[in-house]
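From just these sequences and the hints, can you work out the full model?
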Amino acid sequence: MGIKTNKCVTTTVNGLVAGSALAMAIFSGAAVAQDGPSFSANVGVVSDYRFRGISQTDTGPAIQGGLDLDMGNGFYLGTWASQVDFNYGADETDFEQDFYGGYAGETAGGVGYDVGYIYYAYHGSDQDEDYQEIYGSLSFGDLSVGFAYSDDYWLQSGEFYYFSGAYSFALPNDIALDLSAGLNLFDDEIFLSESDSYIDYSVSVSKEFGGLGLSASLVGTDVSDAECFYTDWCEPTILAGATYSW
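So for the sequence shown, my numbering puts the first residue at 54; every next one is plus one.
Do not take every clue at face value.
What the hints assert, rightly or not - For lysine to aspartate or glutamate, the following EDC-like pairs were computed, each having C-alpha atoms within a straight-line distance of at most 20 Å: (1) K260 x D195; (2) K260 x D231; (3) K260 x D227; (4) K260 x D101.
Quick caveat, the hints were computed from the structure, so don't treat them as lab data.
If you want it as structure tokens, here you go:
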């Protein structure tokens, strides 16, 4: 995901991630629901699209939306898109579109897992910004840990590794409090000007009203403005978002 550091997947798939071959071997005996295929969709707006702590919209708002197909046997496919603004000038990237697929389920012992592949595509610029990742995650009740790997990250910046963790709290009145942090590791210092790693974090509160979800988040990184493309895209900020799902 662009000057992403990027998928809050999910944002959006925005799940937490682990290595697919290993996870599939560990969970080959897991129980998976055998329901029929089903579609779902979502559309929303955020005051600033942040991916792994870094603004993808020059700190401005973005309209976003996605489609998902749940095969009913643990496998899933989906796509998600968002406006982006990397402030290039004339040669400007207009939007990001992600394509992903994977396998998710739960072991007999109650450990959840999700492994998959995601391709990030960028439209509107002549620059080669597209890249791919494999991802996986494990969940233990309200705690999740994950891992993602790219063989050549955004703008051909080399190998990239992402380690993340999250914890969710249930508050009164059906309000959710979510804490997350991630460690971003690069093979060299091409992505950031003076560092080969950084930390991102977020604290979010959200509430569902039928199909409408509202959220407010504190999102930030430990990256300085000088390292962050000489912008304020990495500075801590308060975000607001609204998403309708059906």
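Structure-based check of all given hints:
1. About 17 Å separates the Cα atoms of K260 and D195, which keeps this hinted pair within 20 Å; it holds.
2. A hinted pair counts as satisfied when its Cα atoms are at most 20 Å apart, and K260 with D231 qualifies at roughly 11 Å.
3. Of the supplied pair hints, the one linking K260 and D227 holds, its CA atoms being roughly 6 Å apart against a limit of 20 Å.
4. Simply put, K260 and D101 have alpha-carbon atoms about 19 Å apart, close enough for the 20 Å limit, and the pair holds.
Checked against the numbered hints given earlier, the structure satisfies every one of them.
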